[in-house]
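My request is simple: use the sequences and hints to build the entire structure.
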Amino acid sequence: DAKTTQPPSMDCAEGRAANLPCNHSTISGNEYVYWYRQIHSQGPQYIIHGLKNNETNEMASLIITEDRKSSTLILPHATLRDTAVYYCIVRVVNEKLTFGTGTRLTIIP
Amino acid sequence: EAGVAQSPRYKIIEKRQSVAFWCNPISGHATLYWYQQILGQGPKLLIQFQNNGVVDDSQLPKDRFSAERLKGVDSTLKIQPAKLEDSAVYLCASSSSSLKGANEQFFGPGTRLTVL
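Residue numbers (my numbering), protein chains in the order written: chain A, 1 to 109; chain B, 1001 to 1116.
Hints in this document: simulated from the structure, not taken from any laboratory.
Each statement offered as a hint is correct.
Computed list of lysine-lysine pairs in BS3-like fashion (alpha-carbon distance at most 25 Å, straight line):
#1 K1044(B) - K1078(B)
#2 K1083(B) - K1044(B)
#3 K1078(B) - K1062(B)
#4 K69(A) - K3(A)
#5 K96(A) - K1062(B)
#6 K1044(B) - K96(A)
#7 K1011(B) - K1083(B)
#8 K1071(B) - K96(A)
#9 K96(A) - K1078(B)
#10 K1044(B) - K1062(B)
#11 K1078(B) - K1015(B)
#12 K3(A) - K1044(B)
#13 K1062(B) - K1083(B)
#14 K1011(B) - K1062(B)
#15 K1062(B) - K1015(B)
Here it is in structure tokens:
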């Protein structure tokens, strides 16, 4: 069973920041927070991961609360190509990925 | 680098028939995964290989599903006989299995199976 809770859907205006929340209140000390996304008719794509500190890469930023019970994925300038299902997953490195149903993000022109 | 390749992209069969899917992982990736994704759900892991050995097949319906990874490179997933509830997208993924870094999995485009 997935260890995370995400809203089923969200909308965001094109060009604005998209903030996707994730609750993982039972996360263990050695579990990382991973984000993947799945664009329609494609396989999932890795976005970012983190343990305690905030992380940023070319795709997104990951903000993890101090108690690690929740996190937010930020897409700073959303484009239409960011429309996808976003999955938040907690796991120990090398453990299998357990996907929930994710958040369906729709970018509105 | 080339991504994970899968074939066929689409397959339509009748129930009780058999079907096979093929996956070629990213070169050098020791770990290979097969997932099943039913419409409206997230992917579910069916089987994980480390080189040519099975690491986890706890969710593989072994009475009808089988998978092999000969020589630790390509892999084949077979369903025999197929049931209506096997209609899904079958995704293959691979990773380098490093203990450091993201250990991210790279997914192929999937094979969409329809069982009539």
